[in-house]
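For the protein sequence lines, the chains are W and X, in the order given. Residue 280 in my numbering is what sits at position 280 of the first sequence, and the numbering runs on without skipping anything. Residue 147 in my numbering is what sits at position 147 of the second sequence, and the numbering runs on without skipping anything.
No wet-lab data here; the hints were simulated from the structure. It is possible that part of the hints are untrue.
Said to hold, decoys possible - Below, computed lysine-lysine pairings styled on BS3-like, alpha-carbon distance capped at 30 Å:
#1 W/286 / X/80
#2 X/83 / W/286
#3 W/268 / W/286
#4 W/266 / W/213
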Amino acid sequence: MERMQIYLPIAEVSVNAFLVLGLGGLVGVLSGMFGVGGGFLLTPLLFFIGIPPAVAVATGATQIVASSFSGVLAHFRRRTVDLRMGSVLLIGGLFGAALGIILFNYLRSLGQVDLLVRLFYVVFLGIIGALMFAESLRALRNVNKGKLPPRKKHNWVHGLPFKMRFRVSGLYISVMPPIAVGILVGILAAIMGVGGGFIMVPAMIYLLGMPTKVVIGTSLFQIIFVTAFTTMLHATTNYTVDVVLAVLLLIGGVIGAQVGTRIGVKMKAEQLRILLALLVLVVCGKLALELLLEPAELYSIAPVELK
Amino acid sequence: MMRLIATLISLMMATSLSARAEEIVLGLSQAEVSITTNFDGSEILVYGAVKRDAPAPDSGPLGVVVTVSGPSVPVLVRRKEKKFGIWLNADAVEVDRAPSYYAVVTSAPLNRVLTRVEDLRHKISIPRAIRSVGAPMNISNAALFTEALIRIRTRSDQYQVIEGGVKLDEDTLFRAAIRLPAALTEGDYAARIFLTRAGQVVASYDTVIDVRKVGLERWLFNLSRENALLYGLMSLAIAIGAGWGASAVFNMLRR
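Bound conformation, chain W alone:
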């Protein structure tokens, strides 16, 4: 019982089943609470327990499909998914993911893909974490003073053509910004091996002006399709999806996601945002330190790519 080891057929390593279940659960809670897939946390954690990076990235995507699906069903029941907005984002997302894969393979041919992925993480997590943190602090202070948070109804986004009505979000805006957000998230998803929720959620709130309650369900909806697409790409080109690892992660993950969704409902939007901002900053800080401090082992072993 105390050593419940499971051998993973694709990763070719033996892991403790309870450890993996716990990781899945932790990431699931975050997924349900914040509407992020949790990939930005799961992928580095999988590296840490000794899963080969390629398998971690691919299997992480599979796990995100499961926890997002579980999460989106809960949001559908509460009618907090903007299907129309989700579809527009998805069109951009799939296009971006395809672009991202091309870019990723190009970077790999240059031999510095590890560094670039890491830099992407640090830069994007840093910017977004800092912006969100500052914004939520301001919002929280305003709420405490009894003032209503300022809602910027009109910014440059509203001047663009091809307008469409998004009833659930209560918006009448051009489809161009959502498609652009979708493309950006798709590219990041392919390069960083994550769902991209941590980029998309703030973009939806601050750029598109969507209400926070709708944002989470809608981003989960979009994440399912983008990560499913990524899973298939990895499974058919790199053979790196480990279904045994995925099952362990998602058993923990789906339970966690349900718990997380319940927690998310009970909390105020501002509190939720400040927590997510802090989490993003912590992960960013850890990755940045790894780049800045001298590693204990300077050497690393990688399989030789078969050409």
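Following the hints, position chain X against chain W.
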């Protein structure tokens, strides 16, 4: 001069005679290692006896060396360097052949049971089992990269040197326990047993340990390679099914 040649010939005959005079009779506790779902490493017992037609020669103390080697593949060893204030991969050396697993178990310290020349000839010690040729010209100290490879893999138990791990009884019976770690790659594992006298190999024996995934592990691995599309769709179906199932269960619990 003639006497010198005669002495040399008789010496050579003596060594070749002694090579034939001692042979290895070997047994393995298992010739197959099955990787099942709950595989958590394995231990293989290598045991055997020295068969002699004549009394044991007195050309030095008897030594036994057992090696087990996993499949060899080329690997890339990278070194990080500080550039622009951050640590990034700079130099890389490709090691042409590095076994995924390698164990050397001896009856006494390696440098006593084996001379350097014999080690080179039979590629017994870990640095000899790894083949690295043609490091790029711009890398001054390529040996550091091979050392790093050995260091990293020794830390994770993939490479092991157990001096004194072979128990030798009456200069005839020997046995050694080889520990295989949980993270094992499948393939044919070559097991080699060397008998040495004064550091010279006098007899050797080769056999293969078959390390294979079985059952579910085998089936999933094959499916992922041979029918990747189906495997990917299956993974997605499981993921979506589990997500839906958990949601349904939680809903029922709430009511």
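Status of the hints after comparison with the structure:
1. W/286 / X/80: At roughly 18 Å apart (the allowed maximum being 30 Å), residue 80 of chain X and residue 286 of chain W satisfy the hint.
2. X/83 / W/286: 19 Å, holds
3. W/268 / W/286: 28 Å, holds
4. W/266 / W/213: 12 Å, holds
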